[in-house]
Amino acid sequence: MNPPIHRNPITAVESPAVGVTIDGLTKNFGTFQALKNVSFTVEPGEIFVLMGPSGSGKSVLLKHIVGLEAATAGRVLINGQDATAEHTLERIRIALVFQAGALFNSLSVYDNLALYPREHRFGDEATIRDKVMRALQILSLENSARKFPSELSGGMRKRVAIARALVMEPQLMLYDEPTSELDPVMSATISEIIATLKDEYHVTTIVVSHDRELALGIADRVGILMGGELVFLGPPASLRQPADPLIADFFHPRIDLKNPRFKTLET
Amino acid sequence: MKQLTHFLEGFGSAVQLLFQSARFVGTLPRQRARFIDQCYLIGYTTLPIVAILCFFMGSVLALQSGYSMENFGAKQFIGSLVGLSFARELGPVIVAILVAGRVGSAITAELASMKVYQEVDALVTMNIPPARILVLPRLAAVLVMMPVLAIIGNLIGWFGGAVVCKYVESIAIEPEAYFSALRRYMKFKDVGTGLMKAEIFGFVVVLICCSIGLNTRGGPREIGASVTKAVVVSLISILVLDYFVTKALM
Chain B
62 MNPPIHRNPI
72 TAVESPAVGV
82 TIDGLTKNFG
92 TFQALKNVSF
102 TVEPGEIFVL
112 MGPSGSGKSV
122 LLKHIVGLEA
132 ATAGRVLING
142 QDATAEHTLE
152 RIRIALVFQA
162 GALFNSLSVY
172 DNLALYPREH
182 RFGDEATIRD
192 KVMRALQILS
202 LENSARKFPS
212 ELSGGMRKRV
222 AIARALVMEP
232 QLMLYDEPTS
242 ELDPVMSATI
252 SEIIATLKDE
262 YHVTTIVVSH
272 DRELALGIAD
282 RVGILMGGEL
292 VFLGPPASLR
302 QPADPLIADF
312 FHPRIDLKNP
322 RFKTLET
Chain W
47 MKQLTHFLEG
57 FGSAVQLLFQ
67 SARFVGTLPR
77 QRARFIDQCY
87 LIGYTTLPIV
97 AILCFFMGSV
107 LALQSGYSME
117 NFGAKQFIGS
127 LVGLSFAREL
137 GPVIVAILVA
147 GRVGSAITAE
157 LASMKVYQEV
167 DALVTMNIPP
177 ARILVLPRLA
187 AVLVMMPVLA
197 IIGNLIGWFG
207 GAVVCKYVES
217 IAIEPEAYFS
227 ALRRYMKFKD
237 VGTGLMKAEI
247 FGFVVVLICC
257 SIGLNTRGGP
267 REIGASVTKA
277 VVVSLISILV
287 LDYFVTKALM
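Residue numbers (this note's numbering), protein chains in the order written: chain B, 62 to 328; chain W, 47 to 296.
By construction, these hints were calculated from the structure, which means they are not laboratory data. Source: prediction; values computed, not measured. Check the hints yourself; a few may be wrong.
[Said to hold, decoys possible] According to the in silico footprint, chain W covers these stretches of chain B (three or more CB under 8 Å from chain W):
(1) 155–164
(2) 208–215
[What the hints assert, rightly or not] In silico contact screen, one side only, chain W against chain B (beta carbon under 10 Å); selected entries:
(3) Lys48
(4) Leu74
(5) Pro75
(6) Glu156
(7) Ser159
(8) Met160
(9) Gln164
(10) Leu169
(11) Val170
(12) Asn173
(13) Ile174
Ideal Cβ placement from N, Cα and C applies to all residues, glycine included.
Required output: the full structure, derived from the provided sequences and hints.
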């Protein structure tokens, strides 16, 4: 079946949503195995949330999808094309929202957003301005266009990073810990933005997060990585009362001063 | 063995970066603003320190040679000695060292910081090659600005020598005699050789500094380590290259 074709509301460009296939992905850093034969598929237009404890390999997996890391074994396919191939990034627009934003500190918010369309010659400066201002409006940032990243709060930086991704007219949106270091209200706002963008833009979305509320609130499916292995793959509803005690302990941890987790850390 | 491996890795990545940048030469006209910005940083902001250092190097050279040459009655040749030394050797080397210390360190710090804070990764995911927008404008700018800095450095160095020759009593050579000796024994080729050397040194310095900056891994501490490494490698490269380029251009 052909993927659905939707129009980007900013640019009115037709962008087919893309599917992602992770096939036996293994990554070693020296003797440390960060990913162990991980396989799953993300359907076009789906929101897939990848969870797991710190150091479980979530961000490493994200870097493989965008071609920033090369796999030790296995492969990542985006619409059937190898993610590490140079032409994949030319043919498929993938936007990654980094955990810390990765905004260009020497550029204003406006220029951060305008960089991609300028470099890829999306049109004249007036056209680019329209696109940038529309993206800033969607994220309620129009008054921050002339500010520099250092003048923004953590939540605003995340929103600018999302706006910058939006201007790219992405077919695949990747978010690395979008709600980390944010207060609960701002976390909820970011979650709502991710869900709204998916609904309006119909982009395939992969979110790496620790945020339980985000996973339960917006995910179509959830994957849980532990120690580099995929230990859960399914709808978020099945995480409300997971049968596996390992997953239950991760997803519904209880603070207990006699907790054996703490004893494990001590030894 | 490990250091040799590191050296070869560094050399390899610098050469790779050069070829990556060369692929995008056609985009330079579109990058006018970045090119002009880099010309300003490399040329204009380095000029005051080049002027001060070259003036005093010229003065010291005239003072030392005046003191030595007086013993065998060759004071009238001070102008040619200062002129040739500056045009062929001191001018390009001093300018290159200053560019390495002032501009090279700034380039490495900026690129290393961009790398550490994932700005470079962001460019890659946006399908904007870092070699195109971060390296190429700097390489182009240094190629344009190095000969300019070297010429200005030479002129100021010669002038520094002339001031010492006129006002130091033990030398007491009039500027007319000083510049006449300078012109008599210096050929256009001498200046050309110096400019060629400055061009090569500047280009290598900027390439090294870009390569080390973009290959920085780790956190803020590694930014400082990269800057130190870039300056040290640049200085060694200037002096090693100086020998081979001088020999090749003789």
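Comparing the hints with the structure gives:
Against chain W, the segment 155–164 of chain B contributes 7 residues with a C-beta closer than 8 Å to a partner C-beta. That satisfies the three-residue criterion, and the hint holds. Only when three residues or more bring their CB closer than 8 Å to a CB of chain W does the claim for the segment 208–215 of chain B stand; here the count is 0, and the claim is violated. With 10 Å as the threshold, the beta carbon of Lys48 of chain W stays out of range of chain B, its nearest partner Cβ sitting at about 15 Å, so the hint is violated. A hinted interface residue such as Leu74 of chain W counts as satisfied when its beta carbon comes closer than 10 Å to some beta carbon of chain B; here the least separation is about 14 Å, so the hint is violated.
A hinted interface residue such as Pro75 of chain W counts as satisfied when its beta carbon comes closer than 10 Å to some beta carbon of chain B; here the least separation is about 13 Å, so the hint is violated. At its closest, the beta carbon of Glu156 of chain W sits 8 Å from a beta carbon of chain B; the interface hint therefore holds under the 10 Å criterion. About 8 Å separates the beta-carbon of Ser159 of chain W from the nearest beta-carbon of chain B, less than 10 Å, and the hint is met. Annotation: Met160 of chain W was flagged as interfacial toward chain B, and the flag holds, the nearest CB pair being 8 Å apart, inside 10 Å.
The criterion of a C-beta within 10 Å of any C-beta in chain B is met by Gln164 of chain W, whose closest approach is roughly 4 Å, and the hint holds. The criterion of a C-beta within 10 Å of any C-beta in chain B is met by Leu169 of chain W, whose closest approach is roughly 8 Å, and the hint holds. Checking Val170 of chain W against chain B by beta carbon gives a least distance of about 6 Å; that is within 10 Å, so the hint holds. The beta carbon of Asn173 of chain W comes within 4 Å of a beta carbon in chain B, closer than 10 Å, and the hint placing it at the interface holds.
This hint holds: Ile174 of chain W has a C-beta 5 Å from the nearest C-beta of chain B, less than the 10 Å allowed.
Checked against the numbered hints given earlier, this structure breaks hints 2, 3, 4, 5; the rest are met.
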